[in-house]
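Residue numbers (my numbering), protein chains in the order written: chain G, 1 to 345; chain V, 346 to 690.
No incorrect hints appear here.
Pair by pair, the computed Cβ-Cβ distance ranges are:
id: 1; chain 1: V; residue 1: 554; chain 2: G; residue 2: 294; range: 51 to 57 Å
id: 2; chain 1: V; residue 1: 359; chain 2: G; residue 2: 294; range: 54 to 60 Å
id: 3; chain 1: V; residue 1: 501; chain 2: G; residue 2: 77; range: 35 to 41 Å
id: 4; chain 1: V; residue 1: 422; chain 2: G; residue 2: 68; range: 52 to 58 Å
id: 5; chain 1: V; residue 1: 539; chain 2: G; residue 2: 40; range: 54 to 60 Å
id: 6; chain 1: G; residue 1: 324; chain 2: V; residue 2: 552; range: 51 to 57 Å
id: 7; chain 1: V; residue 1: 523; chain 2: G; residue 2: 294; range: 40 to 46 Å
id: 8; chain 1: V; residue 1: 534; chain 2: G; residue 2: 40; range: 58 to 64 Å
It should be emphasised that the hints constitute simulated quantities derived from the structure, not laboratory data.
We put the beta carbon where it would ideally sit given N, CA and C, even for glycine.
2 protein chains.
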Amino acid sequence: MGEVSNKQVFLRNYVSGFPKESDMYLVEGKITLKLPEGSNDVLLKNLYLSCDPYMRTRMNKVDGPEVEGFNAYILDSPLTGYGVAKVIESGDPNYKEGDLVWGFTKWEEYSLVPSTQIVFKIEHNDVPLSYYTGILGMPGMTAYAGFFEIGSPKKGENVFVSAASGAVGQLVGQFAKLTGCYVVGSAGSKEKVDLLKNKLGFDEAFNYKEELDLNAALKRYFPEGIDIYFENVGGKTLDAVLLNLKLHARIPTCGMISQYNLTQHEGVTNLSNLIYKRIRMEGFVVSDYYHLYPKFLEFLLPHIREGKIVYVEDIAEGLENGPAALVGLFSGRNVGKQVVVVARE
Amino acid sequence: MGEVSNKQVFLRNYVSGFPKESDMYLVEGKITLKLPEGSNDVLLKNLYLSCDPYMRTRMNKVDGPEVEGFNAYILDSPLTGYGVAKVIESGDPNYKEGDLVWGFTKWEEYSLVPSTQIVFKIEHNDVPLSYYTGILGMPGMTAYAGFFEIGSPKKGENVFVSAASGAVGQLVGQFAKLTGCYVVGSAGSKEKVDLLKNKLGFDEAFNYKEELDLNAALKRYFPEGIDIYFENVGGKTLDAVLLNLKLHARIPTCGMISQYNLTQHEGVTNLSNLIYKRIRMEGFVVSDYYHLYPKFLEFLLPHIREGKIVYVEDIAEGLENGPAALVGLFSGRNVGKQVVVVARE
Numbered sequence: 001m002g003e004v005s006n007k008q009v010f011l012r013n014y015v016s017g018f019p020k021e022s023d024m025y026l027v028e029g030k031i032t033l034k035l036p037e038g039s040n041d042v043l044l045k046n047l048y049l050s051c052d053p054y055m056r057t058r059m060n061k062v063d064g065p066e067v068e069g070f071n072a073y074i075l076d077s078p079l080t081g082y083g084v085a086k087v088i089e090s091g092d093p094n095y096k097e098g099d100l101v102w103g104f105t106k107w108e109e110y111s112l113v114p115s116t117q118i119v120f121k122i123e124h125n126d127v128p129l130s131y132y133t134g135i136l137g138m139p140g141m142t143a144y145a146g147f148f149e150i151g152s153p154k155k156g157e158n159v160f161v162s163a164a165s166g167a168v169g170q171l172v173g174q175f176a177k178l179t180g181c182y183v184v185g186s187a188g189s190k191e192k193v194d195l196l197k198n199k200l201g202f203d204e205a206f207n208y209k210e211e212l213d214l215n216a217a218l219k220r221y222f223p224e225g226i227d228i229y230f231e232n233v234g235g236k237t238l239d240a241v242l243l244n245l246k247l248h249a250r251i252p253t254c255g256m257i258s259q260y261n262l263t264q265h266e267g268v269t270n271l272s273n274l275i276y277k278r279i280r281m282e283g284f285v286v287s288d289y290y291h292l293y294p295k296f297l298e299f300l301l302p303h304i305r306e307g308k309i310v311y312v313e314d315i316a317e318g319l320e321n322g323p324a325a326l327v328g329l330f331s332g333r334n335v336g337k338q339v340v341v342v343a344r345e
Numbered sequence: 346m347g348e349v350s351n352k353q354v355f356l357r358n359y360v361s362g363f364p365k366e367s368d369m370y371l372v373e374g375k376i377t378l379k380l381p382e383g384s385n386d387v388l389l390k391n392l393y394l395s396c397d398p399y400m401r402t403r404m405n406k407v408d409g410p411e412v413e414g415f416n417a418y419i420l421d422s423p424l425t426g427y428g429v430a431k432v433i434e435s436g437d438p439n440y441k442e443g444d445l446v447w448g449f450t451k452w453e454e455y456s457l458v459p460s461t462q463i464v465f466k467i468e469h470n471d472v473p474l475s476y477y478t479g480i481l482g483m484p485g486m487t488a489y490a491g492f493f494e495i496g497s498p499k500k501g502e503n504v505f506v507s508a509a510s511g512a513v514g515q516l517v518g519q520f521a522k523l524t525g526c527y528v529v530g531s532a533g534s535k536e537k538v539d540l541l542k543n544k545l546g547f548d549e550a551f552n553y554k555e556e557l558d559l560n561a562a563l564k565r566y567f568p569e570g571i572d573i574y575f576e577n578v579g580g581k582t583l584d585a586v587l588l589n590l591k592l593h594a595r596i597p598t599c600g601m602i603s604q605y606n607l608t609q610h611e612g613v614t615n616l617s618n619l620i621y622k623r624i625r626m627e628g629f630v631v632s633d634y635y636h637l638y639p640k641f642l643e644f645l646l647p648h649i650r651e652g653k654i655v656y657v658e659d660i661a662e663g664l665e666n667g668p669a670a671l672v673g674l675f676s677g678r679n680v681g682k683q684v685v686v687v688a689r690e
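Work the whole structure out from these sequences, hints included.
See the structure below:
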């Protein structure tokens, strides 16, 4: 194959405050669908792209040393992120034409990337391919590692999940129910609250936007306190949770989406509760846990096939709708995991 | 022995803001130096009382469920706290007249307490008895458990300690040096900084009151970042530390003395660094670690005897000087571990 057109989504400028669609722009690029001579890279056809909250932090202009995996995007270049792709040609003998893979790719139709950016080859195709951007991909592993490895849940414990209908939260709640925990989720609309209670099996759920006093809301749902708080949002929610923890509670700290668009983060004032209550608050990044992926699939695939774990996706059609989908994450417009379809095969 | 006079320190009122000497008052009580018939309690002659920052939190009027060990003091009753005492009479066969013990006692000359309030019998008398309020007592075990058990230090790591010349901090620094770490302490006066550098073996030390920009100060002392932050103070110091941590750093969270006197705690804004840097922040309470006390003594006593670990105490003479000594903790007036001598034998 020779040179073909390659639609791409570029970052126009670094962002402060909430991102807008106009912070990105579409480019009609070109790419030669042939690996350069001697290359060890892989040439990918991108199928599904994942919209993830951490991408916002990469839109900041960062001065000083950067943390691997969170480095700032390069202006006037494609965004990068997780996705599902098909291998067109591979210079790495571990992959061959036609393989389906998930890992780090770029926001464009075709990408040439180092094969080290592939996280895993997709071996199970009896589930929707888009699942490898969500339940069977990075967010799924995030929920699994955070809840089981860091949260150390025990049957009968009380679990609170914020951003509970999101890509990660909806799974944490279902994992908690499988473990025999009581689980409550917070989300930002009535539709999401209904989803949590009626489809995702949460014991209770509430709309944090309708609670004037988050501390009182948590006391209502957790009169005996919280054992595990799966932290996705930070800020005021975290501060209220700190007043409602049980002794030896754990806070797997996955994200703080409420803070990413603020130029001055909200101050958290109740941290001294960490001491009296002997709390462990632990930040984690999913890539430190990918060695558990085979075990994770073994655990999760049967539950998916038997319908015991479900997954809600919000699918945007077409790369050109990617910027709006990504921006929508930060106003909570998405319901469930936000995916962008570039091509279905 | 019959009834004798028993000087006591009572709490006059609950405290908001900084405590004052006048929040406490002296009482000339009386006590019968004979156990009541059939009692299982112990009758103690108090020798040394310990002034500890956590006592401030017990001067708050707390509504709602309390945390064991941090329950509010009772007004017009003696303060309680750690101390070294001699057994006068014991209704518990584990103790006998003349035994020296350390544990929870009251701020008075003689106390009748349940024997369960004794933490340990004192078996080694070739070191100053006051050490059992500090290096060989609760603060020593706090430094040991927090640094070794929660901090998981490795040779060559970078350690930062706040309130570094205090009862706990001065030991954390010396433990870090024994482990082969680089250690920097912060304290609130030139005298304390000199002590840290010249007597306690810290690699570097600084006066936080003279640093307009704590972030810049930490970058100066830790150009490559901090592996372990032993947290004693909270607030602004914690917020600056969060900007200067290395990947997989640990924050043993022992206390937040800078916050205890504030009616509105300072907001901590940089917690999202816990995520990117995979940080574990873990609060702890020393009483969860007393099972390690024999191992701790085995480790520490030889170092004390050989002069390889030293300990700075600030001794106030007489129970009547107890309130001033306790209040002084919160303005940093003490240099080293603050002890109150009630009687020397």
